[in-house]
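*Asks:* Protein chains in written order, with our numbering: chain A, 1 to 570; chain B, 1001 to 1219.
Don't read these hints as lab results, they were simulated from the structure. There could be a bad hint or two in this list.
[As the list claims (entries may be wrong)] So, partial list: chain B residues that the calculated Cβ filter (under 8 angstroms) puts toward chain A:
| id | residue |
| --- | --- |
| 1 | T1048 |
| 2 | T1051 |
| 3 | F1077 |
| 4 | I1078 |
| 5 | F1096 |
| 6 | L1114 |
| 7 | Q1115 |
| 8 | W1143 |
| 9 | N1158 |
| 10 | A1166 |
| 11 | L1214 |
| 12 | P1216 |
Since we're looking at a predicted model, the values are computed, not measured. Here a beta-carbon is modelled for each residue, glycine too, at the ideal position from N, C-alpha and C.
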Amino acid sequence: MKLRTLRVTAFVSAVVLGAGGAFAQSTPAGEETPAAGAMSIASDLAAKAAHMSDPVVESTADHSKFDVLKGPFKSGPEVTAACLSCHTEASNQVMHSVHWKWEYQNESTGQTLGKAHELNAFCGNVASNEVRCTSCHTGYDWEDVRAPMPDDPTKVDCLVCHDTSGQYAKQDNLAGNPPLEPVAEKAKTITGKAAWAVDLIKAAQSVGPEPSRENCGNCHFYGGGGDNVKHGDLSSALFDPTPHVDVHMSKDGANMQCADCHVSDKHVFAGSRYETDVVDPHAGDMKPGQPREVASCTSCHTDAPHKGPNPILGMKLNDHTDRVACQTCHIPEFAKGGVATKTVWDWSTAGKLKDGKPYSEEEFVQSDGKHLHTYLSTKGDFEWGENVTPYYAWSNGVMTYTLPETEIDPTQTLEINSIGGGAEDPNSRIFPFKRMIGKQAYDAERKVLAYNNVYGPGNGTALWSYFDWEKSLKAGMDYAGVEYSGKFDFVSTYMYWPITHMVGPEDEALKCDSCHAKDGRLANIAGVYMPGSGIGIGGKLGLVIFLLAALGVAGHGVLRLFGKKGAHHG
Amino acid sequence: MAERYVKVYTRFNRVWHWSQMVSIMLLFFTGARLLGLHQIGPFGLAVTVHTVVALALLLLWAFATFWLFTTEGWKQFIPRIAGFAKVARFYAYGVFKGEEHPYHKTYERRHNPLQAAAYFALKMALFPAIWISGLLYLTYGVWGANDLGSAMLTLIANIHVLAAFAIASFVVVHIYLLTIGHGFREHVRPMITGYDKIDLCPEGEAYFAKQGKLKPLED
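Please build the complete structure, drawing on both the sequences and the hints.
*Replies:* Rendered as structure tokens:
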């Protein structure tokens, strides 16, 4: 009874609705049956829907079918506007991320960090060099980092993260914009390749859900102005690494993408070099299947992952995890896979000219035979390293930076960022770092790090065009609004970069006696007992007792020998 | 009184002694590797062998302790004053003059007073020190989270190493003393065959003969 009533009701409703629709369209009521009218609206909307007879694809949306993505597009923001017509909240999410703001509030130190604010040991500062530096920004047209990016949803660059056509690129001096027809002569992309005209329609129709390693890598592998220059553990070798280079990302390994560990929520990604997840605060209270929120080893592997080589060693290896970060043993060296990283950058020698012209020296030979610059008139002297042994330190993951107005002591090597934590802190671990060695300009009177203006063809001050430190620093400081005495010098610096990528296979992890030995890898680490690294007070005392016993016995034996002889002769 | 070869060391006694000897040697060797005194063999292998052998030795000790207390063998190890000075004087002086050892073994007291005192110290102080510190070291994973700065672990490890050296010193003296008197082979043989030369009164002789614990006279 009930079912029948329902059917009748549905029929009546359909007739009424259908008739309503028909009247609204002012078509004669008799021509079209009410039911067919309802069908036509549905089929309009679903005109492009795949049918059961079509192949099943991963995504629920084929972006090549959307009219709004058929173009033409004159610029990146026009593509973004098209994206926003469906994904109305996407730009808002992105604009709340570090990727967009280049600003990071470090709650534990109270410092305001991020590319827009800090000074580093590479190109120094973004301010006054914008269009070159912001070429890697997740947006378009950020030409003045002294002010935040304007609240303009169309300025978000969706394609840089979501393109899967492989031909989207950003030009290296257009404040984040892609090279478009006509491409300027000698223009380069941010990966250093000769620029090509990007096909925005092709890119827009290709978009996929999560960024692939190509999307991430095209910016992050080239940080510091070139392949692997900055991080040491992030290079183009990770596009297609062997398991030796990266067991997680290798196609012969887990074939993972960056985003598999760097999980995201509302376009904000886990993982930070300002506050690194040295320990995973939530690994213990996660329920099965619950999404992870942090990019830490233990969030997948737990803090007791070792099963072998035998149960005893497995247990003993697990005993290390309360003091030693996974990375320390499992990334014995970085800058693997044939791509070197910059280890020393001495700005103080920049600006030398030969016959009034800038010159370069290429004296580092990479394992693939490629010569890398060891001197540039624009940038100074360099050293490079491949398969570099990390620098180890206690770390709770929190970095404290030497901010632009921090007073420095130029007689000491200045730490651009200092590593927080120590042996007494339960949340600290012994962690590997790339220690970048630098020599950077500072205001010799005010004892603060100096902003430099390096990029700006035609502006009369940029170091890379005019090779004049006086002008470069004056312009940089003025632009940043920092008081400048006019006197400068160069200070030796260290900058620490956490090493967490390029994990090798387990049989390539450090062996026990890499550390458990005299002058082992962790010889500079205090506050942890490391058998084998030296003999303690107990051992010294014990050795004395042992030697006394041996000497006593030997003396006793010798005396007996003489005694017996004496007795014989007697 | 006659000196006869009596079965002083039972099979368990001898197995206990020699497996202890082998274990302790292995522990010294692997322990020295872990401490960094030599580099023979991988560190991880040394950890494994050291742990397995130590646990096996602890099990053996558990059996031996049970055995000692159920057979009254423990009484052999109770130190006493009587005759101590005489034995001490012998090692410090008489031995150089070619004197005879002042102590004659009996079935109930096979150790001389100095020996008994040394074994007592070994069993009551050094062995507990080494295995308590060793077990704590082994179970670091259970309590280590509260040991920030490694103060406890450092203390435990130092006690462990100190006790190990003290035991090693004992072993040196122990082996050296085998060379005194009738000679090394004479001293080692009883721990292999089980028979040692004991002063027996005729009644005792008859008793052990009946028990089948007397070695037949060779000539």
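*Asks:* For the restraint on B:A1166, tell me whether the closest CB of chain A is nearer than 8 angstroms.
*Replies:* At about 6 angstroms, which falls below the 8 angstroms cut-off, the nearest Cβ of chain A leaves the hint on B:A1166 intact, so it holds.
*Asks:* Do the numbers back the hint for B:I1078, that is, is its least Cβ distance to chain A under 8 angstroms?
*Replies:* It is violated, given that the least Cβ distance between B:I1078 and chain A is near 25 angstroms, above 8 angstroms.
*Asks:* Does the CB of B:T1048 sit less than 8 angstroms away from some CB of chain A?
*Replies:* holds (5 angstroms)
*Asks:* Have a go at the B:Q1115 hint: is there a Cβ in chain A nearer than 8 angstroms to its own Cβ?
*Replies:* The hint is violated - B:Q1115 has no Cβ within 8 angstroms of chain A, the shortest such distance being about 15 angstroms.
*Asks:* Holds or violated: the hint that B:N1158 contacts chain A, with Cβ atoms closer than 8 angstroms.
*Replies:* holds (3 angstroms)
*Asks:* Was the hint right that B:T1051 lines chain A, CB cutoff 8 angstroms?
*Replies:* holds (5 angstroms)
*Asks:* When the nearest CB of chain A is found for B:P1216, is that gap smaller than 8 angstroms?
*Replies:* violated (34 angstroms)
*Asks:* Would you settle whether the hint for B:L1214 is holds or violated, based on the nearest Cβ-Cβ distance to chain A being less than 8 angstroms?
*Replies:* violated (33 angstroms)
*Asks:* Hint validation: B:F1077 versus chain A, beta carbon distance must be below 8 angstroms. Holds or violated?
*Replies:* Where the cut-off is 8 angstroms and the nearest Cβ of chain A is about 21 angstroms from B:F1077, the hint is violated.
*Asks:* May I ask you to test the interface hint for B:L1114 with respect to chain A, counting a Cβ-Cβ separation under 8 angstroms as satisfied?
*Replies:* Result: violated, 14 angstroms to nearest chain A Cβ.
*Asks:* Classify the hint on B:F1096 as holds or violated, based on whether any CB of chain A lies nearer than 8 angstroms to its CB.
*Replies:* holds (3 angstroms)
*Asks:* With 8 angstroms as the cut and Cβ atoms as the points, is B:W1143 at the interface with chain A?
*Replies:* With a minimum Cβ separation of about 11 angstroms from chain A (threshold 8 angstroms), the hint on B:W1143 is violated.
Checked against the numbered hints above, the structure violates hints 3, 4, 6, 7, 8, 11, 12; every other hint is satisfied.
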